[in-house]
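Peer 1: Sequence:
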Amino acid sequence: MNVLIHTLQNWLVPKLKAKPIRTASGIAIIALQHSGNICVYCPGGPDSDFEYSTQSYTGYEPTSMRAIRARYNPFLQTRSRITQLRQLGHDVDKS
Numbered sequence: 000m001n002v003l004i005h006t007l008q009n010w011l012v013p014k015l016k017a018k019p020i021r022t023a024s025g026i027a028i029i030a031l032q033h034s035g036n037i038c039v040y041c042p043g044g045p046d047s048d049f050e051y052s053t054q055s056y057t058g059y060e061p062t063s064m065r066a067i068r069a070r071y072n073p074f075l076q077t078r079s080r081i082t083q084l085r086q087l088g089h090d091v092d093k094s
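Each residue of the sequence shown is one higher than the one before, counting from 0 in numbering that gives the first Met the number 0.
Don't take every hint at face value.
To be verified - The calculated DSSO-like cross-link candidates involving lysine-lysine, where the alpha carbons are at most 27 Å apart (straight line), are:
id, residue 1, residue 2
1, Lys18, Lys93
2, Lys93, Lys14
3, Lys93, Lys16
Said to hold, decoys possible - Just the calculated beta-carbon pair ranges, DEER-fashion:
id, residue 1, residue 2, range
4, Met64, Thr6, 35 to 45 Å
5, His33, Gln8, 13 to 23 Å
6, Val91, Val2, 39 to 49 Å
These aren't lab readings, by the way, just hints derived from the structure by calculation. Think of the CB as a built atom: it goes at the ideal place given N, C-alpha and C, for glycine as much as any other residue.
Take the sequences, apply the hints, and build the full model.
Peer 2: What follows is the structure, given as structure tokens:
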């Protein structure tokens, strides 16, 4: 029974993996953002919907949303992204 479950798992997991090409090379890119400064000409300026938005972004990009949720803490951004990749079925172990 264990062999059957293992075989089924080996067959099923790759089919459920979201965007398998993202880590096909064995390397997963993780983008981080730091907080920017106030700029009246940039989308994330004083009138932005997001108080902590980086100036060259609107605050609605996936990377920006993760950065805002983590209050621009690089450790929390990295941990959150690795957890998300793991949940999507990507191998995140360095081996």
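Peer 1: Let me make sure I understand: some of the numbered hints might not hold for this structure. Which ones are they, in numerical order?
Peer 2: Numbers 5, 6 - these are the hints that the structure violates, sorted from lowest upward.
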